[in-house]
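Chemist: Chains as they are written, first to last, in my numbering: chain A, 108 to 650; chain B, 175 to 231; chain C, 625 to 997.
Derived from the structure by calculation, the hints contain no laboratory data.
One or more hints might be untrue.
What the hints assert, rightly or not - To give an idea of the chain C side of the interface with chain B (calculated C-beta under 10 angstroms), a few residues:
1. Ala726
2. Thr730
3. Tyr737
Computed from a prediction, not measured in an experiment: that's the story for all the values here.
Note that beta-carbon positions come from the ideal geometry of N, C-alpha and C, so glycine has one too.
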Amino acid sequence: MASHLPPKSTTQHEQPASAGMAAEPHAPPRGLKRWLLTTNHKEIGTLYLLLSLTMFFVGGLFAMVVRAELFQPGLQLIEPEFFNQMTTMHGLIMIFGAVMPAFVGLANWMVPLQVGAPDMALPRLNNFSFWLLPVAFTLLLSTFLMPGGAPNFGWTSYAPLSTTYAPPSTTFFILSLHLAGISSILGAINIIATILNLRAPGMRLMDMSLFVWTWLITAFLLIAVMPVLAGVITMMLMDINFGTSFFNAAGGGDPVMFQHLFWFFGHPEVYIMILPAFGIVSVIIPTFARKPLFGYASMVYATASIALLSFLVWAHHMFTVGLPLVAELFFMYSTMLIAVPTGVKVFNWVTTLFRGSITFEPPMLFALAFVVLFTIGGFSGLMLAIAPADFQYHDTYFVVAHFHYVLVPGAVFAIMAGVYYWLPKWTGHYPHPQLSRWHFWLSVIGANLTFFPMHFAGLAGMPRRIPDYALQFADFNMVTSLGAFLFGASQLLFVVVVVMCVRGGQQAPAKAWDGGVDLEWTVPSPAPLHTFETPPDFRPPQH
Amino acid sequence: MWRVIASVLAAFFGVQKESRRREDFSRRGAGAFIVVGVLLALVLVCLIALVATLAAR
Amino acid sequence: MRMRKRLVWTASGVALAGSAVARASGWNMPVGVTDLSQDIYGLHMTIFWICVVIGIVVFGAFFFSLFRYRRSRGAKPSRFHEHTTTEVLWTLVPLLILVVMAVPATATLKAMYDTSEADMEVMITGQQWRWRYEYRGEDVSFTSNLATPREQIDGQSAKGEHYLREVDEPLVLPVDRKVRLLMTSDDVIHSWWVPELGVKQDTMPGFVNENWVRINEPGTYRGQCAELCGRDHAFMPIVVEAVTPERFASWLDERRSAAAEAAMGLDREWGMDELMERGQEVYATSCASCHQPDGSGSPPAFPALAGNQALMDDRERHVETVVNGVAGSSMAAFRNILNPVDIAAVITYERNAWGSETGERVQPSAIAERLAD
C-alpha cells in the first residue's frame with residue numbers, strides 16, 4: 108500500500124547488471140514534477156499504492172463514524188441524513204478508492220517484474236490513468252461541502268432515491284465515477300497489453316505466475332463491465348438533469364432496470380476485487396510452503412470459469428424485487444454453480460500446504476488468514492444463494508457480514524499479504540518482524556470481532572443502513588463497534604511498519620524469500636528504477 | 175475439434191490435467207478455443223434457463 | 625477408534641446445544657409462524673450445517689497441514705502438484721451437494737410465488753416514511769406511523785421494550801386465512817419485511833408486487849423497512865397483529881365506523897379552536913417528522929413552514945401542495961392519506977401556528993369538494 112521511492116538513477120548503475128540495466132543515465136525531473144510526469148511503472152505503482160492507503164484511511168474514518176453512532180441504540184452523534192452520507196461514501200471510497208487502486212498499484216509494480224518486461228506497455232497512458240484518480244476522488248469528497256451534502260443513497264445508488272430524490276451533488280458523484288471508470292479501463296488495457304506483448308522470450312501464458320494470470324482475467328472483466336457502469340450512471344445523469352425517464356415509472360421507465368444494469372456491472376466488480384487477491388495468495392502460499400502450487404492449470408481454469416459465471420449471476424442481488432419465478436430459479440442455480448470453482452481454489456490452496464515445509468512470515472500469515480476467513484465469507488455466500496432463504500437474509504446485516512468477510516479479511520488481507528511479500532523488493536529491507544506480527548494478530552482479532560457478530564444481528568432481523576435500531580440488536584452492535592475501533596487503530600501500526608521498512612531495517616537480498624520462484628526475485632533488492640532492459644533468461648518453472 | 179471442446183469443458187469444470195494443458199498450449203493460436211468457449215457459454219446459459227423453466231412448471 | 629467416537633459425540637453435543645441456544649436467544653433467524661417461514665428456516669439450517677461439515681473437513685486439513693508440515697518440525701517439502709482424480713472428485717462432490725440443496729429450495733420458492741386462491745387482499749403502500757394499508761373491497765384503509773416518542777430516540781427518556789418497533793396503528797390480519805399482499809410505493813423503493821412471517825418484498829414505485837401470507841398463530845409480529853429509502857429509513861416499522869377470523873371481522877366493523885366518525889362534519893362550519901386542536905394532532909403524526917415539530921423544516925429537502933411568508937401569502941398553493949403533493953420530491957399527496965377534515969385542520973394549523981396567525985380557516989367541506997373534482 109505504500110512503498111519506498113525507487114533509488115535515484117545515479118546509484119542504480121552501481122548495482123550488478125544481472126537483470127539488464129539502462130545503458131545511459133538520464134536525469135529525471137526532481138520534486139513534484141518527477142511524480143507528476145513519471146512514466147515509470149514502479150513510481151506509478153507507488154503512487155497508486157499511496158493513494159489507496161490514503162483512501163483506505165478516509166473510508167475507514169467514515170466507517171468509524173458509522174460504528175460510533177451504532178455503538179448504542181438511539182441517535183447520539185450524527186443525524187440520519189449524515190449517517191446515510193457516511194455509509195454511501197464509505198462504500199464508494201473503499202471500493203473505488205482503496206481496493207481497486209491497491210490492486211492496480213500492485214499490478215503496476217509486479218506485473219512487469221513477473222513477466223520480465225522493462226515497463227508497462229503504455230507508460231504515458233499509465234501516468235494518465237493514475238492522475239485521473241486523485242481528480243476523481245477530490246471531486247467525490249468535495250460533495251460534502253455542497254448544499255444538501257454528499258450522496259446519501261448507498262453505494263448501489265438505487266433509483267429513484269438516487270435520481271428524483273437525490274441531493275444536487277449527485278451530478279458530481281456521477282462525474283467522479285466516470286473519471287474513476289475511465290482510469291480503470293485504461294489501466295486494464297495497459298495491463299493486458301503488457302501481459303500479452305512484453306513477456307520475456309520463452310515465457311508462455313501458462314508459465315506466468317498466478318498473480319499475472321488473475322490480473323489478465325480481471326482486466327478483461329474491467330473492460331467488459333466498466334462501460335456498463337458508465338452507461339447506467341449516464342442514464343441517472345439524464346434522468347436528473349435532462350428530463351428523461353429511464354428509471355421513473357411515471358414517465359414509462361422502470362426502477363428495476365436500474366438494478367439489472369447496476370448489478371450486471373456490480374457482480375463482476377465483486378470478482379474484480381477478489382480475483383487478484385486469489386492471485387496474490389496463490390503466489391505466496393507456494394513460496395512459504397516451499398512446494399509448487401497444487402493444480403496450477405486448474406487454478407487458471409477455475410479463475411476463467413468464475414469470470415465467465417460472474418456475468419450470469421447478477422440478479423441474485425435482486426431476489427426480493429419481484430422477479431418472475433423462472434428468473435429467480437435461473438439466478439439461484441447459476442449462483443450455486445459459481446461456488447464450485449471457488450471451492451476448487453480453496454481445496455488447491457489447502458493441498459498446496461499439505462506435505463510442504465511451512466514457515467510463518469508476515470505475508471504467509473496474512474495469506475493463511477485469507478484462506479480461512481475468505482472461506483467463511485464463501486459459506487455465507489452459499490447460504491445467500493438459496494433464494495427462499497435470501498428473502499430473510501436480504502438487506503440485513505447478514506449480507507453486510509458476508510461481503511465484509513470477502514472484502515476485508517478477503518481482499519484487504521490479500522493486499523496486505525502482497526505488500527508484506529514485496530516490501531523487501533520495493534525497499535530493500537524486510538518489514539519489522541515483531542511489529543508486523545502484532546499488526547497481523549490485531550487485524551485478525553479486530554476484523555472477526557467486527558464482522559462475525561454482524562451475522563447474528565442480521566439473522567435476528569437488523570436491516571442494513573440504519574442509524575438507529577431496536578434494543579435486541581444492542582449487544583451485537585456494541586461488540587462490532589469495539590472490534591471496528593480495534594481494527595481501525597491497528598491499521599495505524601501498518602503505516603508505522605511500512606514507514607520503518609522504507610527507512611531501514613534488515614537488508615534483503617535479491618531473493619528475499621527462499622521459496623520465491625518468480626522473476627522479480629532475480630533483480631536486486633531494492634529493485635532499481637529500470638529493470639529487464641535486456642530480456643531476462645527465462646526458464647519455465649515446474650508448475 | 176473434440177479435443178478443443180473437451181478442453182473448454184474442462185475449463186468450465188475448473189479441472190485440467192497438466193499434460194492435456196501442455197498439448198493445448200502448444201497449439202498455435204487461441205481462436206478455436208475462444209469460439210468454442212463462447213458457444214459453450216451460450217449453451218450453458220440455455221441449459222440453466224431450460225432447467226429453470228422446467229422447474230418453474 | 626474410541627477417541628474418534630468420543631470426538632464425534634462431543635461434536636454433535638456441542639452442535640445440538642449450539643442450535644438450541646441459537647433458537648432460543650435471538651441469535652438466529654426466527655422460525656416464524658407461517659408454513660413458509662418454517663420451510664425457509666429449515667433450508668437455512670440445512671445449508672448452514674452443510675457449510676459447517678465442509679468447514680470442519682477443509683479447516684481440519686488446513687490446520688493439520690500447518691501443524692504437521694512446519695519447517696521447524698523438520699518437514700521436507702514434497703514436489704507433488706497434481707492429482708486429477710482428486711480434483712475431479714472434489715469438484716463433483718460440492719456439485720452434487722448443491723443439486724441436492726436446489727431441490728427443496730426450488731419447491732419452497734414455488735410455494736412462495738403461488739399467490740392464487742387468496743381469501744382476502746391487502747394493498748401495502750410504502751411512503752417516506754410510513755406504511756399505508758388498504759383492505760381491498762372492505763372500505764378500510766389507514767396509515768401506520770412510528771409510535772416511539774422522539775425523546776426516546778434522542779436519549780432524553782428511557783427506551784421502551786419495543787423501541788422503534790411500535791406503530792400507532794398495526795396491520796390487523798386474520799389467522800388461518802390466505803392473505804394476498806399487493807405492494808407498491810408512492811415515492812422511492814421500500815421493502816416490507818416481517819421476519820416471523822417470512823415475507824420480505826420490495827415495494828417499487830409505479831409497479832405492484834405480489835406476495836402472500838397465511839399466519840398460523842395469533843400474536844404480534846414486528847418488522848421494519850428493509851430497503852434504504854432516505855433519511856428516516858430506520859424509522860418506518862411494521863407491526864402485524866394476527867387475530868382470530870371472528871375478531872378480525874368485528875375489528876373491520878369497528879374500523880369502518882370509526883373512519884366514518886372521523887370524517888364526519890363535512891356539512892358544517894368548523895371553528896378555529898377545534899380546527900387548530902385537530903390540526904396539531906395531525907401535524908404531529910403526519911408532518912412533524914420532516915417539517916419538524918416547530919415548523920423549521922430541514923432545507924433544502926424539507927422547506928420550513930414557520931415564517932414562510934411566500935406560503936402564507938399563497939393559500940391556494942398551500943392547499944394544492946398538501947392535497948396533491950409535489951411531484952419529484954418527498955412531499956406526498958395527502959389526498960390518499962388523510963380524510964378531508966384532517967387535511968383542512970392541518971392546513972389551518974400550519975397557517976396559524978408558529979407566529980404566522982393569518983387567521984384563515986380552511987373548511988373541511990371545501991377540501992371535500994376539491995377532492996371530488
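Chemist: Holds or violated: is there a CB of chain B closer than 10 angstroms to the CB of C:Tyr737?
Modeler: holds (8 angstroms)
Chemist: Is the interface hint for C:Thr730 satisfied, with its Cβ closer than 10 angstroms to some Cβ of chain B?
Modeler: Holds: closest Cβ of chain B sits about 5 angstroms from C:Thr730, inside 10 angstroms.
Chemist: Quick check on C:Ala726 please, does its C-beta sit within 10 angstroms of some C-beta on chain B?
Modeler: Holds, because the Cβ-Cβ distance from C:Ala726 to chain B comes to roughly 8 angstroms (cut-off 10 angstroms).
Of the numbered hints listed earlier, not one is contradicted by the structure.
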